[in-house]
Amino acid sequence: MTIHQDHETQTESSGERSVDAQLRRRALEVIPGGMYGHLNMAAMPADYPQYFESARGARVTDVDGREFVDLMCSWGPVILGHQRREVDEAFNRQMSLGDCLNGPSARMVELAERLVGAVSHAQWAMFEKNGTDATTLCVTIARAATGRSKVLVATGAYHGAAPWCTPVKSGVTLEDRANLAYYTYNDLDSVRAVLSEDVAAIMVSPFRHDAGFDQELVDPLFAQGLRDICDETGSALILDDVRCGFRLNFGSSWEPIGVQPDLSAWSKAIANGYPLAAVLGNDRFRAAAQSLFTTGSFWFASAAMAASLATLDVLEREDCVAHMVRMGDALRQGIEAQSLRHGIEVRQSGPSQMPFMSFVGDVDSKMAAQFASSALRHGLYLHPRHNWFVSAAFSDADLDLALSATDAAFSELRTTFV
Numbered sequence: 379m380t381i382h383q384d385h386e387t388q389t390e391s392s393g394e395r396s397v398d399a400q401l402r403r404r405a406l407e408v409i410p411g412g413m414y415g416h417l418n419m420a421a422m423p424a425d426y427p428q429y430f431e432s433a434r435g436a437r438v439t440d441v442d443g444r445e446f447v448d449l450m451c452s453w454g455p456v457i458l459g460h461q462r463r464e465v466d467e468a469f470n471r472q473m474s475l476g477d478c479l480n481g482p483s484a485r486m487v488e489l490a491e492r493l494v495g496a497v498s499h500a501q502w503a504m505f506e507k508n509g510t511d512a513t514t515l516c517v518t519i520a521r522a523a524t525g526r527s528k529v530l531v532a533t534g535a536y537h538g539a540a541p542w543c544t545p546v547k548s549g550v551t552l553e554d555r556a557n558l559a560y561y562t563y564n565d566l567d568s569v570r571a572v573l574s575e576d577v578a579a580i581m582v583s584p585f586r587h588d589a590g591f592d593q594e595l596v597d598p599l600f601a602q603g604l605r606d607i608c609d610e611t612g613s614a615l616i617l618d619d620v621r622c623g624f625r626l627n628f629g630s631s632w633e634p635i636g637v638q639p640d641l642s643a644w645s646k647a648i649a650n651g652y653p654l655a656a657v658l659g660n661d662r663f664r665a666a667a668q669s670l671f672t673t674g675s676f677w678f679a680s681a682a683m684a685a686s687l688a689t690l691d692v693l694e695r696e697d698c699v700a701h702m703v704r705m706g707d708a709l710r711q712g713i714e715a716q717s718l719r720h721g722i723e724v725r726q727s728g729p730s731q732m733p734f735m736s737f738v739g740d741v742d743s744k745m746a747a748q749f750a751s752s753a754l755r756h757g758l759y760l761h762p763r764h765n766w767f768v769s770a771a772f773s774d775a776d777l778d779l780a781l782s783a784t785d786a787a788f789s790e791l792r793t794t795f796v
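First residue of the sequence shown: 379, per the numbering used here; consecutive thereafter.
Hints listed in this document are in silico derivations from the structure and should not be mistaken for laboratory results. Please read these numbers as outputs of a predicted model, since none were measured by experiment. From the three backbone atoms N, C-alpha and C, an ideal C-beta is built for every residue, glycine too. Do not take every clue at face value.
Label-pair distances were calculated between CB atoms; the ranges are [claimed, not checked]: (1) P545 with L406: 18 to 26 Å; (2) D576 with V494: 29 to 37 Å; (3) R662 with S527: 17 to 25 Å.
No more than 27 Å apart at the CA atoms, straight line, and that leaves these computed lysine-lysine pairs for DSS-like [unchecked claim]: (4) K547 with K528; (5) K528 with K507; (6) K744 with K547; (7) K507 with K547.
Using the sequences and the hints given, assemble the complete structure.
Encoded structure:
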């Protein structure tokens, strides 16, 4: 039975009898709202699963047994594909020795050395557990080093879920945001307009990947301009590489354009799904980093660090970035041909390995939602308003199934909207 047939059969027998629906009802009793954060499926099309059972390679399976080609990769962390053998073996080998101990294992030193060797601006490393930890620590280090308070961030950019940066302001005080000022991505004049003597740092993403908007690649002149401004003012240039790190380049995402940040935040893909984050910095900020008291009982656990070492080895050895670009290009070209054939105008933006697609004139995202729902029914898991992720496990067979699903989705969309 094909994936398409499996999905059609399972869709007919889903609904209130599904395991997913039962879990959602149970969750409402014991979890506020049933689910929270960016994994909350409440805003997604109704047939999107909330709960998953398993995953392997570039496929995920939900609790009702539906298998999908995966274009979200756990929202970015899974860069090599689910259950990559070398990574899981490294993790399990370290677990057999010990994970959360009275102090870190040698893996911490080895991983710091590996990252410093791989990322050209890095001269030291610190470890945490998630991207918000890393971006927040970058800001704290910059303030400690400069004795200043203000941080400049791009309007609409996502840098985590702490009170200073969360996109939802429930529970957030004015004081939490008092030291932020906002610029427009790729617009140096807007940066200069909010400069002051109290600017500790400028934080920037490798490219503009705001959810719900067409992606915008960085203008190298903008990146260099930020570097120049920070050099002139003594502020720190912070590159938020949490989402993009090791997907755009093996090393800092801005190395190909020749711009080096002072501090960078990493998480998502550095351990292929195991919980880990890092802050990398240059020697100018070493003393400030050393001066802080920043810690977490699980930050120094060894197994995820072992997984990260294995992940980095595979990424470099197999030139995974090049493979993800090739597969992303093929996916993008296939979608372009389909959209033209079906007479539906789309925009594709962002790097090929982190693609985003929107529909021309789709102001309320209704076309995007129907397209995503249709693709899901035909065995492809993607997001209607967020960039997708192509993993190194994405194969020609996965590509064929993905394009079969998008072709069916375009056909159904044409019936409704064209």
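Hints, verified against the model:
1. P545 with L406: 18 to 26 Å: 24 Å, holds
2. D576 with V494: 29 to 37 Å: Between D576 and V494, where Cβ atoms are some 31 Å apart, the hint holds.
3. R662 with S527: 17 to 25 Å: For S527 against R662, whose Cβ atoms are near 19 Å apart, the range 17 to 25 Å holds.
4. K547 with K528: 19 Å, holds
5. K528 with K507: 25 Å, holds
6. K744 with K547: At roughly 26 Å apart (the allowed maximum being 27 Å), K547 and K744 satisfy the hint.
7. K507 with K547: Satisfied, since the Cα-Cα distance of roughly 23 Å is no more than 27 Å.
Taken one by one, the earlier hints all hold for this structure without exception.
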